[in-house]
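K.L.:
Going down the list, the protein sequences come from chains A and B. For the first sequence, UniProt numbering begins at 1 and goes up steadily by one. For the second sequence, UniProt numbering begins at 1 and goes up steadily by one.
It should be emphasised that the hints constitute simulated quantities derived from the structure, not laboratory data. Errors might be hidden in some of the hints.
Since copy identity is lost for identical chains, a pair holds within one copy or between any two.
Simulated crosslink set (DSSO-like; lysine-lysine; CA at most 27 Å straight-line) [what the hints assert, rightly or not]:
{"hint": "1", "residue 1": "210", "residue 2": "171"}
{"hint": "2", "residue 1": "377", "residue 2": "171"}
{"hint": "3", "residue 1": "377", "residue 2": "227"}
{"hint": "4", "residue 1": "370", "residue 2": "162"}
{"hint": "5", "residue 1": "342", "residue 2": "186"}
{"hint": "6", "residue 1": "380", "residue 2": "183"}
{"hint": "7", "residue 1": "342", "residue 2": "210"}
Number of protein chains: 2
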Amino acid sequence: MAPTATFVAKSGNFPLPIPNASRPQLPASLRLALPRHLSVAVAGRLSSVARRAATASCSLIEPDGGRLVDVVAPEGPSREALRREAAGCPQIRLSRIDLEWVHVLSEGWASPLGGFMREAEFLQTLHFNCLRLGDGSVVNMSLPIVLAIDDAQKRAIGDRRKVALVDARDKPVAILSDIEIYKHNKEERIARTWGTTAPGLPYVEEAITKAGNWLIGGDLEVIERIKYNDGLDQYRLSPAELREEFSRRDADAVFAFQLRNPVHNGHALLMTDTRRRLLEMGYRNPVLLLHPLGGYTKADDVPLHWRMKQHEKWHAKSRINAGANFYIVGRDPAGMSHPIEKRDLYDADHGKKVLGMAPGLERLNILPFKVAAYDKKQQKMAFFDPSRPQDFLFISGTKVTPLCL
Amino acid sequence: MAPTATFVAKSGNFPLPIPNASRPQLPASLRLALPRHLSVAVAGRLSSVARRAATASCSLIEPDGGRLVDVVAPEGPSREALRREAAGCPQIRLSRIDLEWVHVLSEGWASPLGGFMREAEFLQTLHFNCLRLGDGSVVNMSLPIVLAIDDAQKRAIGDRRKVALVDARDKPVAILSDIEIYKHNKEERIARTWGTTAPGLPYVEEAITKAGNWLIGGDLEVIERIKYNDGLDQYRLSPAELREEFSRRDADAVFAFQLRNPVHNGHALLMTDTRRRLLEMGYRNPVLLLHPLGGYTKADDVPLHWRMKQHEKWHAKSRINAGANFYIVGRDPAGMSHPIEKRDLYDADHGKKVLGMAPGLERLNILPFKVAAYDKKQQKMAFFDPSRPQDFLFISGTKVTPLCL
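Chain A extracted, bound-state conformation:
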């Protein structure tokens, strides 16, 4: 799922107060205990919000498929008509994760996907990690975005062509139309997505193993913008809003930096240095898209299921749709432990390699992470110099985390 909150800043004017390397002060919002999957913004909501302003400016990267999907009904009669129609449809109650995917789909993070996957999209995602569009072009799609139903739900739907998706309180959220119901081969889905079927992967346990034996795909129409009413909705900017802001700031390059651990001075150096490199490359006004993946900042609460090779591609793809054309990749973006064996599930460098070779991501410039460390000689963060390793103290988000608690 996409982190849906954002901070936009020029990294040359890096606003986070990080006084020293050994104990960075984190913005208060990063220390909040938040539900998993939700992201935390470190800046307030943008004042100007453009709904349905889906057209990118000339200088922004095109969304996948050329047009940013936005399937939230506009306020007014059409929204009310949709609400009435939903009341007459068979109902599918969404889990928390399902609802987050409705959110992701509704705002176009998964463009050109306009609803939960039908079987042809599901199979292409599993086998090719990309979707072929009507014009023969290919867009990246590394994660199945699917909705599971069980046998009883399938029977209740019968031969109806539309279903209503409802939240935990049975309030209609969306309509899925022109539906297709097909088998949910869970074992194959898990094996092809994670490269293992060993038990213990958090996302698998929560969203797949117990899910129904059928998947239902179709075109999504969302009644109103998805809100979580947790005090953080104002920080969740849509791709259209981000694009509007990038245009307003006259960005000619947008570089995305996604973090799962607290920001530290190594990150700050990296972001500042990236801006410098982009200016050297001739860009006039590079803008940073800082996308923290929130959640608890305790190491053992970091949502591990974000970190896998497929998800890394998903994160990159969704940033294209938000307007980013540069993507900074960490040392081991896909790193995760094997759920039952004492080893890494993937090689440390595979996430970066696979991302760099992914069909449909050619337009995105991958900027490899340079290793930053505290240089005791210079008494500041600097890029590691292998000729004098003894001068450097290493820091990482994982090491910093306990210091922040």
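With chain A fixed as given, assemble chain B onto it according to the hints.
P.N.:
Frame of chain A, contents of chain B only:
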């Protein structure tokens, strides 16, 4: 692995004696008990053989990557030099399956691959089922073609850049140069290739589970053409030889039909009908490439590991390299049982669907199998008419098999 023997025939002049539907007479060679993996030809060796005639004629489909790989050293000084060089290299003994892959690679069935995969190719194959070439184009590559070595072999190679590949009697077969050794993550390879890690898949048990923990990739140079000395080498035509024959016959369409079961009258009808359709489409001289996958003709000896979604794509891709531009796909080309559960591993129609959507196979025209059955009214094989199901007797390779023994 590719079936390496072939029969070329105009289906309009179908030469197999199949007098009736209930008990077809099979060509004697199809009833031979052959080692698995080997294919049986039903026609003799072509009289004119072109070695290194790698350029396709105008009317033939281009090989993947534009040039047919042929890495067999020509007879003469360069072959002898290669043999001498091999004697001085660290040696890797090939298993039977490894040797067959050397054969496949050496003749260009896997073009543009010119040797066992390095890690970048292995990862692209696992994740995207295709390889991106230097010019940005994409070719299909659905199966890892890799060579495993164990820890002791890795140590013995040390920092040498070339190794000799030797057969079961330690006779040098090839040199692999500019080598790259990388981790063999067997679990991930199996999960992403088959969509399951359940034990019991024949190819996995034979070629992966017991194999070494490292893979070695590099550029292949084969000392001389791979032969098996089993009396069948004359039937194993290379892609270059097939292309030469298609050109000689002035084919403007080549349609490939691959069988794992004995040929029966339903197949004959299908092949004849395909020729008719191609003529109707305006082709002047369509030629059939009939590619039986041999082995025992007992049902329980059919090499099951041929049948999986990835292998179906591999078969299609290798036929492009042999010059075929039409590919006839059966009802369930990827069908196989789950190794430990009582169900099919994949949906019956997924093999065909995935094949039709595979990146890099756009140039290949997929001709879906029409269901043929014995029409009791017409007293001959005919395409099934769903309006009068009671008139049809169904026949399939699996049903025919016991009749042939």
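K.L.:
As a check of your reading, is residue 342 near residue 186 (CA-CA no more than 27 Å) within one copy, between copies, both or neither?
P.N.:
Classified as both: same-chain Cα gap 25 Å, cross-chain 15 Å, threshold 27 Å.
K.L.:
Tell me, please, which holds for residue 210 and residue 171 at an alpha-carbon limit of 27 Å: within, between, both or neither?
P.N.:
within (23 Å within a copy, 55 Å between copies)
K.L.:
At most 27 Å between alpha carbons: which applies to residue 380 and residue 183, within, between, both or neither?
P.N.:
For residue 380 and residue 183, the Cα distance exceeds 27 Å both inside one copy (56 Å) and across copies (37 Å).
K.L.:
Give the relationship of residue 377 and residue 171 under a CA distance limit of 27 Å: within one copy only, between copies only, both, or neither.
P.N.:
neither (61 Å within a copy, 59 Å between copies)
K.L.:
Could you figure out if residue 370 and residue 162 sit no more than 27 Å apart (CA to CA) within one copy, between two copies, both or neither?
P.N.:
Answer is neither; intra-copy 50 Å and inter-copy 33 Å both fail.
K.L.:
Cα distance capped at 27 Å. Does residue 342 pair with residue 210 within a copy, between copies, both, or neither?
P.N.:
Answer is both; intra-copy 26 Å and inter-copy 20 Å each pass.
K.L.:
Reference check for the pair residue 377 and residue 227, CA-CA at most 27 Å: within, between, both, or neither?
P.N.:
Neither way: residue 377 and residue 227 sit 49 Å apart in one copy and 65 Å across, limit 27 Å.
The structure does not agree with the numbered hints 2, 3, 4, 6 stated previously, though it agrees with the rest.
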